[in-house]
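Engineer: If you want the building blocks of each chain, they are given just below.
Protein chains: 2
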Amino acid sequence: MTAKGELARRKIIKIATAIVNRKGFGATTIQEIISATGMQKGGIYFHFPDKDALGLAILEKARADFLLFLDSALSGDSPGACLENFFRLAVEKHLAAGFIGGCIFGNTAIEFSDTDSRFAAIIERVFDEWIELIRRTVSAAQDAGQVRTDIPATELALHIVATIEGGIMLSRLKKNEESMKKCLDTVRTFLHMKTV
Amino acid sequence: MTAKGELARRKIIKIATAIVNRKGFGATTIQEIISATGMQKGGIYFHFPDKDALGLAILEKARADFLLFLDSALSGDSPGACLENFFRLAVEKHLAAGFIGGCIFGNTAIEFSDTDSRFAAIIERVFDEWIELIRRTVSAAQDAGQVRTDIPATELALHIVATIEGGIMLSRLKKNEESMKKCLDTVRTFLHMKTV
Chain A
104 MTAKGELARR KIIKIATAIV NRKGFGATTI QEIISATGMQ KGGIYFHFPD KDALGLAILE
164 KARADFLLFL DSALSGDSPG ACLENFFRLA VEKHLAAGFI GGCIFGNTAI EFSDTDSRFA
224 AIIERVFDEW IELIRRTVSA AQDAGQVRTD IPATELALHI VATIEGGIML SRLKKNEESM
284 KKCLDTVRTF LHMKTV
Chain B
104 MTAKGELARR KIIKIATAIV NRKGFGATTI QEIISATGMQ KGGIYFHFPD KDALGLAILE
164 KARADFLLFL DSALSGDSPG ACLENFFRLA VEKHLAAGFI GGCIFGNTAI EFSDTDSRFA
224 AIIERVFDEW IELIRRTVSA AQDAGQVRTD IPATELALHI VATIEGGIML SRLKKNEESM
284 KKCLDTVRTF LHMKTV
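Chains as they are written, first to last, in my numbering: chain A, 104 to 299; chain B, 104 to 299.
Possibly wrong hints are sitting among the right ones.
For chains that are exact copies, the list does not tell them apart, and a pair is met inside one copy or across any two.
Stated by the list, open to error - Subject to a maximum C-alpha distance of 35 angstroms in a straight line, what follows is the list of computed DSBU-like cross-link-like pairs (lysine-lysine): (1) K277 / K196; (2) K107 / K144; (3) K144 / K284; (4) K107 / K278; (5) K107 / K285; (6) K117 / K278; (7) K277 / K107; (8) K297 / K126; (9) K297 / K107; (10) K277 / K164; (11) K126 / K196.
These are calculated hints, taken from the structure and not from any lab test. These numbers were taken from a predicted model, which means no experiment stands behind them.
Only chain A is shown next, with the shape it has when bound in the complex (with noise of 0.2 angstroms):
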């Protein structure tokens, strides 16, 4: 593709995710991303051929971009300082957006689960990178004193990853980061983290 064809397609991308993470893939139509991006019918026809390939795209970008928040979000002088961070860049992240949208993986997951196994498929990949990610982060904090050692560390990753959900839900329902910020505190006190 030219570079035009890529900045073209990455455009498309960027501006249908905003739409599809705020009313969802079901209810996002064509139409509107043409109006959003601008660009002629044929010039998304051109890149996506139809509405789940866009949507397909769409994921597999929101993942390389996730993958990539998780990387520089977990990072810190020690184990327990990474999950302090991702903690608190989790919620920071979700402010800056004013709860608008949500977790695009958590949306899609309730949409798709039941009734499409590609974009469930991606979704259940999705989930488990994030968990092992955090599975890890948190072994090694328990291998540091920094966490609690009486759960497995793939438990509390699990517990984890589906409070942060849960935690969104509520906070983007409430349009406020109370209900998100505080299910990461008790998470904190659950797991007995000393960071210093």
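Once you've looked at the hints, dock chain B against the given chain A.
Structural biologist: This is chain B only, laid out in the frame that chain A set:
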């Protein structure tokens, strides 16, 4: 309304709820509901002037059913036993449905938090009621020495509900109870639950 009319209304709501819970409101058509009920189009519109009216009726009925479920699930010989019973029945309820449909309130929160304030308002009320019922039970369990007291009951209740929603989301995605069950096992440990 006649008894026959009331029965027809209930039948429409029941059948439409199952479809909506699986696919979401946006992706469900009135035509689909007509086909599934085997009723005439006029019969549906006699009870519900439009899809939104049916949608709101579905949520109000789901809310009433859920409050009944909570009332019966949060029962036991002690506050701790009530919580234990609720955790067990919450998993059983979704397991019985094969993790199809998930939680209609979580689903609707995701679908409409950013796009329909009427639907979002009902859902916000359901979550507030749910968290308050759990808070009361947690608070009583704290007084009875069955749950840790170093975190306020309000925060614990919020955490429990957020974790359940995230657990349902993951279990529905993977079509097995493991995620939801493990999340609740971890919650039990976190709460220092003593039910005997």
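Engineer: A separate judgement is required for each hint: does it hold in the structure or not?
Structural biologist: So, going through the hints one by one against the coordinates:
1. K277 / K196: both (16 angstroms within a copy, 27 angstroms between copies)
2. K107 / K144: Answer is within: at 17 angstroms inside a copy they meet the 35 angstroms cutoff, but 51 angstroms across does not.
3. K144 / K284: neither (42 angstroms within a copy, 47 angstroms between copies)
4. K107 / K278: Neither way: K107 and K278 sit 38 angstroms apart in one copy and 42 angstroms across, limit 35 angstroms.
5. K107 / K285: Neither way: K107 and K285 sit 45 angstroms apart in one copy and 49 angstroms across, limit 35 angstroms.
6. K117 / K278: both (23 angstroms within a copy, 31 angstroms between copies)
7. K277 / K107: Answer is neither: 41 angstroms inside a copy and 40 angstroms across each miss the 35 angstroms cutoff.
8. K297 / K126: neither (40 angstroms within a copy, 43 angstroms between copies)
9. K297 / K107: neither (50 angstroms within a copy, 64 angstroms between copies)
10. K277 / K164: Answer is both; intra-copy 28 angstroms and inter-copy 22 angstroms each pass.
11. K126 / K196: For K126 and K196, both the intra-copy (19 angstroms) and inter-copy (29 angstroms) Cα distances are at most 35 angstroms.
Figure legend: structure checked against the earlier numbered hints; hints not met, in rising order: 3, 4, 5, 7, 8, 9.
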